[in-house]
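If you're matching positions, the sequence shown starts at 357 in the numbering used here and goes up one per residue.
The hints are simulated quantities; they were obtained by calculation from the structure and are not laboratory data. Quick caveat, the model's predicted, so the values are computed rather than measured. It is possible that some hints are incorrect.
[As the list claims (entries may be wrong)] Pairwise CB distance ranges, derived in the manner of DEER restraints:
1) Asp479 - Glu785: 31 to 41 Å
2) Asn616 - Thr876: 20 to 30 Å
3) Thr565 - Asn616: 25 to 35 Å
[As the list claims (entries may be wrong)] No more than 16 Å apart at the CA atoms, straight line, and that leaves these computed lysine to aspartate or glutamate pairs for EDC-like:
4) Lys873 - Glu638
5) Lys874 - Asp640
6) Lys874 - Asp892
7) Lys531 - Glu493
8) Lys531 - Glu462
9) Lys602 - Asp591
10) Lys531 - Glu459
11) Lys751 - Asp685
Here a beta-carbon is modelled for each residue, glycine too, at the ideal position from N, C-alpha and C.
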Amino acid sequence: MKKKKLWTLGVMFILVLSTILAACGGSDTKDTGSKDASTGGDKANSNEPKILVYGRGGDSVALDPAVVTDGESFTVTANIYETLVNFGEKDVTIQPGLAKSWEPSEDGLTYTFQLQEGIKFHDGTDFNAEAVVKNIERWKSSNDKYPYFKTQFVVGDKQIIESVTAEGDYTVVFKLSQPQAPFLKNLAMSPFAIASPKAFEADEEGLSTNPVGTGPFKFVSWERNASITIEKNPDYYIDGYPKLDKVIYRSIPENSARLNDLLAGNIDVADGLSPSDKGTIEGDANLQLIERPSMNIGYLGLTVTRPPFDNVKVRQAVNYAIDKQALVDAFYEGLAEPAKNPMPPVISGYNDEVTGYTYDPQKAKALLAEAGYDGKEIELWAMPVPRPYMPDGQKIAEAIQKNLEDVGIKSKIVSYEWATYLDKAEKGEADAFLLGWTGDNGDADNFLYSLLDGDNIGSNNYTFYDNQELHKLLTAAQTEIDEDKRNELYKQAQVIISEDAPWVPLAHSTPILAANKKVTNYIAHPTGSDRLDAVDIQ
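All chains should be modelled from the sequences, with the hints used to inform the complete structure.
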């Protein structure tokens with residue numbers, strides 16, 4: 357009995373030893389217990405890196421958020437950099453970010469922020485109060501170099517942020533020159549992300565092509581007009597995030613080509629899709645449709661410093677000439693509504709009593725005759741990339757060209773590469789141009805003041821429109837804390853803008869994206885800047 361037990365124990369010892377030796381062997385093909393991805397295995401449970409390929413309509417202009425204004429740039433920078441405060445996951449409520457708490461003074465002129473501790477920039481330097489101060493001082497150093505800072509924090513020649521100081525390593529105090537109702541919402545915007553001072557002090561221009569933030573992803577590479585690659589930040593301060601190992605942003609200008617790549621499995625997410633693609637997406641069992649909450653405006657800008665649009669009657673005539681409902685029906689597939697104001701109805705302060713301009717070609721012709729319009733051909737600029745508010749700039753331009761021709765305005769459609777298009781339009785070189793805007797912070801100021809106030813000529817006011825009565829209303833609204841009074845000021849502003857007609861407001865759209873069903877936790881944010889830290893691949 358004793359011998360049998362000893363023999364049994366000996367056999368068991370040999371078997372265990374054999375198993376250990378086999379496991380420690382030099383085989384290059386050991387079984388990890390994961391299924392092969394090609395046979396429908398669960399990628400999330402394998403050792404394969406989780407790589408998300410994101411298809412979009414255009415390339416970024418630059419990757420320094422402080423110097424750009426375009427959505428394609430912010431699409432990427434929102435995942436490399438972070439802001440002091442964040443928007444909510446699905447809305448524009450203010451949440452902690454790099455600052456864990458904040459306290460405003462009773463007069464609204466002082467904000468004290470307590471910062472998160474133990475965070476590092478991607479270059480290994482510490483995030484602290486001094487880093488915040490250096491970023492703000494960088495933006496304050498020029499009223500022209502940083503367009504969004506000028507738009508959101510400069511009124512005339514006066515900067516709203518009077519000073520910013522570090523009180524210890526993790527306390528920052530902002531002093532304002534005047535109260536600013538949307539101050540916290542402004543700070544949450546992508547352009548005001550905090551960059552590594554070491555990086556921009558060493559090479560500020562280089563930050564545009566080699567971004568250094570604190571975000572969940574680190575920059576890897578950029579092949580112009582092709583792809584941008586970012587990878588997981590292994591030192592990210594929030595445990596368990598990001599879920600993805602790598603994200604590759606691919607530029608695929610043609611909407612149909614982007615959809616085909618998604619259908620073929622070459623990309624995992626497709627942004628900027630045509631509304632007409634909705635049925636195809638919903639009919640494919642491998643795909644999911646994602647609708648972005650509408651907070652935008654697509655418009656035709658009329659540069660008021662260039663003939664014939666220096667004449668208000670010509671601008672009004674163009675507003676009457678364009679059949680907005682037909683545009684919405686033809687190009688938005690029920691995913692938009694005609695616009696009459698420069699801001700969407702979801703924004704507080706929207707004036708629904710503004711009548712706008714109905715489609716009336718005869719009225720347009722009469723106004724052109726009153727204006728003495730000479731019939732000279734204009735240039736009509738068509739956007740070269742799809743944007744949430746403008747799914748197909750070329751086709752929409754062609755429809756508008758026909759509307760204008762019907763009332764006696766001849767036009768030639770022109771376009772440029774995206775960065776060039778924006779640069780030339782910003783300089784006032786267009787007669788009429790298609791463009792649009794997705795709200796950055798859910799505030800009326802971000803539409804009306806940012807896009808149509810004289811202070812912002814040379815940044816986001818591409819029409820060079822400047823009305824002093826409007827300016828007084830908009831600047832008064834910035835300092836008005838009473839929400840009802842503030843909304844009334846914005847309603848008055850929309851009446852003035854409608855009468856002066858520097859734009860033809862075209863549509864407020866509900867943009868669509870699509871993704872492979874293996875992609876989880878993708879949330880399309882109303883601002884258009886989607887954070888990918890929680891996105892996973894199953």
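Taking the hints in turn, this is what the structure says about them:
no. : hint                        : in the structure
1   : Asp479 - Glu785: 31 to 41 Å : 38 Å, holds
2   : Asn616 - Thr876: 20 to 30 Å : 23 Å, holds
3   : Thr565 - Asn616: 25 to 35 Å : 30 Å, holds
4   : Lys873 - Glu638             : 11 Å, holds
5   : Lys874 - Asp640             : 13 Å, holds
6   : Lys874 - Asp892             : 8 Å, holds
7   : Lys531 - Glu493             : 13 Å, holds
8   : Lys531 - Glu462             : 13 Å, holds
9   : Lys602 - Asp591             : 15 Å, holds
10  : Lys531 - Glu459             : 12 Å, holds
11  : Lys751 - Asp685             : 13 Å, holds
Of the hints listed earlier, there is not a single one the structure fails to meet.
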